[in-house]
Amino acid sequence: MALSREEIAHVALLSRLHFTEEELARFTEQMNDILLHFETLQEADTSAIAATTHVVPMVNVLRDDVPCPSLPPDTALANAPERVDDLFKVPRVVE
Amino acid sequence: MTELYTLTAHAAHALLTAREVSARALLESVLARIDAVEPRLHSYLRLLPETARAQADAVDAKIAAGEAIGPLEGIPLALKDILCTTGVPTTCASRMLENFIPPYDATVVRRLREAGVIVVGKTNMDEFAMGSSTENSAFGPSHNPWDLSRVPGGSSGGSASAVGGDEALLGIGTDTGGSIRQPAAYCGVVGLKPTYGRVSRYGLIAFASSLDQVGPITKDVTDAALLMNAIAGPDPCDSTCFPEAAPDYTAGLGRSIAGLRIGVPREFFTQEGVQVDAGVERAVRTALDLYAKLGAEIEECSLPNVRFSLPTYYIIAPAEASSNLARYDGVEFGYRQTGTKDIIGMMTASRDRGFGMEVKRRIMLGTYVLSSGYYDAYYLKASQVRTLIRQDFERAFERYDVLVSPTAPSVAFPLGAKVDDPMQMYLNDICTIPINMAGIPALSLPCGYDRGLPVGLQLMGAHWAEPALLQAAYAYEQAAGWTRTAVDEAGRVTAAG
Numbered sequence: 002m003a004l005s006r007e008e009i010a011h012v013a014l015l016s017r018l019h020f021t022e023e024e025l026a027r028f029t030e031q032m033n034d035i036l037l038h039f040e041t042l043q044e045a046d047t048s049a050i051a052a053t054t055h056v057v058p059m060v061n062v063l064r065d066d067v068p069c070p071s072l073p074p075d076t077a078l079a080n081a082p083e084r085v086d087d088l089f090k091v092p093r094v095v096e
Numbered sequence: 006m007t008e009l010y011t012l013t014a015h016a017a018h019a020l021l022t023a024r025e026v027s028a029r030a031l032l033e034s035v036l037a038r039i040d041a042v043e044p045r046l047h048s049y050l051r052l053l054p055e056t057a058r059a060q061a062d063a064v065d066a067k068i069a070a071g072e073a074i075g076p077l078e079g080i081p082l083a084l085k086d087i088l089c090t091t092g093v094p095t096t097c098a099s100r101m102l103e104n105f106i107p108p109y110d111a112t113v114v115r116r117l118r119e120a121g122v123i124v125v126g127k128t129n130m131d132e133f134a135m136g137s138s139t140e141n142s143a144f145g146p147s148h149n150p151w152d153l154s155r156v157p158g159g160s161s162g163g164s165a166s167a168v169g170g171d172e173a174l175l176g177i178g179t180d181t182g183g184s185i186r187q188p189a190a191y192c193g194v195v196g197l198k199p200t201y202g203r204v205s206r207y208g209l210i211a212f213a214s215s216l217d218q219v220g221p222i223t224k225d226v227t228d229a230a231l232l233m234n235a236i237a238g239p240d241p242c243d244s245t246c247f248p249e250a251a252p253d254y255t256a257g258l259g260r261s262i263a264g265l266r267i268g269v270p271r272e273f274f275t276q277e278g279v280q281v282d283a284g285v286e287r288a289v290r291t292a293l294d295l296y297a298k299l300g301a302e303i304e305e306c307s308l309p310n311v312r313f314s315l316p317t318y319y320i321i322a323p324a325e326a327s328s329n330l331a332r333y334d335g336v337e338f339g340y341r342q343t344g345t346k347d348i349i350g351m352m353t354a355s356r357d358r359g360f361g362m363e364v365k366r367r368i369m370l371g372t373y374v375l376s377s378g379y380y381d382a383y384y385l386k387a388s389q390v391r392t393l394i395r396q397d398f399e400r401a402f403e404r405y406d407v408l409v410s411p412t413a414p415s416v417a418f419p420l421g422a423k424v425d426d427p428m429q430m431y432l433n434d435i436c437t438i439p440i441n442m443a444g445i446p447a448l449s450l451p452c453g454y455d456r457g458l459p460v461g462l463q464l465m466g467a468h469w470a471e472p473a474l475l476q477a478a479y480a481y482e483q484a485a486g487w488t489r490t491a492v493d494e495a496g497r498v499t500a501a502g
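Heads up: the protein sequence lines correspond to chains A and B, in order.
Going left to right, the first sequence walks through residues 2 to 96 as this note's numbering numbers them.
Going left to right, the second sequence walks through residues 6 to 502 as this note's numbering numbers them.
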């Protein structure tokens, strides 16, 4: 099942990525090439197989809830592209 | 006289404790070597000579005061620029994080400091660890110390070229689908990917969280064991980190391997679409002959589901990456594109400018396989096939102590050879990816040459079997005597300019 350019554009929107028309065309071709390679997975019988989400047998790892210092606001905000007081500043979200 | 920068960490330690060499002299030797070859290798994104010198002087003061030093104290190390370092930019070789200065140390970095290891610089890599050649770095590729026209491998290519090119005695890499082992093989050094959970991921910038592991890249097996001793063990900051204490990884070095049961899985030599090069296979078979002479029992075997590893990986890893990299939205840290009118526009423009093509490709792939209507067909299916791959390994380790294969289907390839064809680049990972799917440990060590370039021998073990891998690797290394032949070639790097 080959992906169309429109579908790729939709995935780009979901990914919050932007592509030029030329890039979109190249991506469509490469993505379809890669997806074709994925088809071999259909040969694996997984009807009675549980999915692996964690590779080593470990149950909940718990520790005591001991309070300890967190990063001070100035340190936590030091990498902010833009800040106002102790807040991250972003372009307007609602009108 | 032997140049100090050519030494292994354990050999340098012996000279330090005998007071024949100072930590400062060792460091200056490494820094001079970097000055000489770095313009051609480009292993490093950032050098830290001043903090390194201060650390070296502190170690010398300790030695002068008659205090004992740890086995890695005062040893210069190359750190992959994916591990957070307080106050020192950590870029992941991405424009997105070009100006990111972490407010904390990764647990591995903290442990290295506590062990007295000196970080001389932060090394180049494929952007966000996505790649097999270091060509996806936003800051230009690294070069292979054996042949400057070839890639050092990836994604930990900078750490491997630094250690292989004698620009550091030790290196740290990370491995999601082969990113420690393949560059170690290409650069003629030792690389170990530990069992998933053996080393903390706290402060490791995430690519694919169910696969990522930190591990050593070193000049020999002993150094890999020593570096594991420094970095492995439980961490309250990482709940996926194994809660039990790590063993002494040097304990088994030098013990006989008579009776060691070695399995040789045929899927690691030939698969549909990929054939291991004849010269690589010859080197691996010769290594197996030596293992037989050392008393190992060798048998061919099959792991039938391993052939599904590549598609499984290229579904699961991008899926996890698309989720992990959603955090780069220009809000809290990282690159922000200004001049956009709304927040979605700001996020999209920031990501467009901040990410390189391969990262975008994997985010797209991951978003697609997780998207509504495709989740079951791709992500769920891949997670189930992952179970089959894991079970193949579990069955194999009932019969064998160690599995042996090539680390990569070829020696280092020329720069530019695969950049335009992502599928060809992905196929290069065929021998290393199955290990990450199963979460088991695997080690690559030099086992000879094909057309003058180093070949990597991959040893795989059951979960937590790092001591057995190191013991088996050490036995081969001592018997084969390949160690440090790279010194001559590294000399050629100096002359090649």
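Hints are computed from structural coordinates only; laboratory data are not their basis.
For glycine and all other residues, C-beta sits at the position ideal for the given N, C-alpha and C.
Each hint should be verified, as a subset may be incorrect.
[Claimed, not checked] Only pairs whose alpha carbons sit at most 25 Å apart, straight line, appear in this in silico SDA-like list of lysine to any residue:
(1) Lys346/B x Glu96/A
(2) Lys298/B x Ala263/B
(3) Lys423/B x Glu40/A
(4) Lys346/B x Pro82/A
(5) Lys90/A x Glu103/B
(6) Lys346/B x Pro68/A
(7) Lys90/A x Ile348/B
(8) Lys90/A x Ile106/B
(9) Lys423/B x Leu78/A
(10) Lys90/A x Phe105/B
(11) Lys346/B x Glu83/A
(12) Lys423/B x Lys90/A
(13) Lys423/B x Glu96/A
(14) Lys346/B x Asn33/A
(15) Lys90/A x Thr343/B
(16) Lys90/A x Ala354/B
(17) Lys298/B x Glu286/B
[What the hints assert, rightly or not] So these bits of chain B aren't anywhere near chain A, every CB distance computed over 12 Å:
(18) Arg29
(19) Leu52
(20) Ile74
(21) Thr91
(22) Leu299
(23) Ile303
(24) Ile349
(25) Thr372
(26) Gln483
[What the hints assert, rightly or not] Where chain A lies over chain B, by a calculated footprint (3+ residues, C-beta under 8 Å):
(27) 151-162
(28) 179-191
(29) 242-252
(30) 406-413
Item checked: Outcome, coverage hint (the stretch 179-191 of chain B, chain A; C-beta under 8 Å; three residues) -> It is violated: at least three residues are needed, and the stretch 179-191 of chain B offers just 0 whose Cβ sits closer than 8 Å to chain A.
Margin query: At least three residues with a C-beta closer than 8 Å to a C-beta of chain A: is that true for the stretch 406-413 of chain B?
Written below: violated (count 0)
Checklist line | Distal placement of isoleucine 303/B relative to chain A, Cβ over 12 Å | finding: holds (27 Å)
Notebook entry, point to check: Is the nearest Cβ of chain A still more than 12 Å from the Cβ of glutamine 483/B?
Noted result: holds (31 Å)
Next item on the list: Given the hint that lysine 423/B pairs with glutamate 40/A, test it: the Cα-Cα distance must not exceed 25 Å.
Entry: holds (23 Å)
Notebook entry, point to check: Given the hint that lysine 423/B pairs with lysine 90/A, does the C-alpha gap stay at or below 25 Å?
Noted result: Status violated; Cα separation ~42 Å.
Next item on the list: Say whether it holds or is violated: arginine 29/B keeps its Cβ farther than 12 Å from all Cβ of chain A.
Entry: holds (32 Å)
Note to self: A cut-off of 12 Å on Cβ-Cβ distance, and isoleucine 349/B was said to be off the interface with chain A. Does that hold?
What the structure shows: Isoleucine 349/B not clear of chain A: closest Cβ-Cβ about 7 Å, inside 12 Å.
Next item on the list: For the pair we were handed, lysine 90/A and glutamate 103/B, check the Cα-Cα distance against 25 Å.
Entry: holds (20 Å)
Next item on the list: Compute the least Cβ-Cβ separation between leucine 52/B and chain A, then decide whether it is above 12 Å.
Entry: Label holds. Min Cβ-Cβ 22 Å, cutoff 12 Å.
Checklist line | Hint consistency between lysine 298/B and glutamate 286/B [alpha-carbon to alpha-carbon, up to 25 Å] | finding: Distance ~19 Å between lysine 298/B and glutamate 286/B Cα, so the pair holds.
Check: Is the Cα-Cα distance between lysine 346/B and proline 68/A 25 Å or less?
Finding: The given pair, whose Cα atoms are some 41 Å apart, is violated under the 25 Å limit.
Hints 6, 9, 12, 13, 14, 21, 24, 25, 27, 28, 30 from the list above are not met by this structure, while the remaining hints are.
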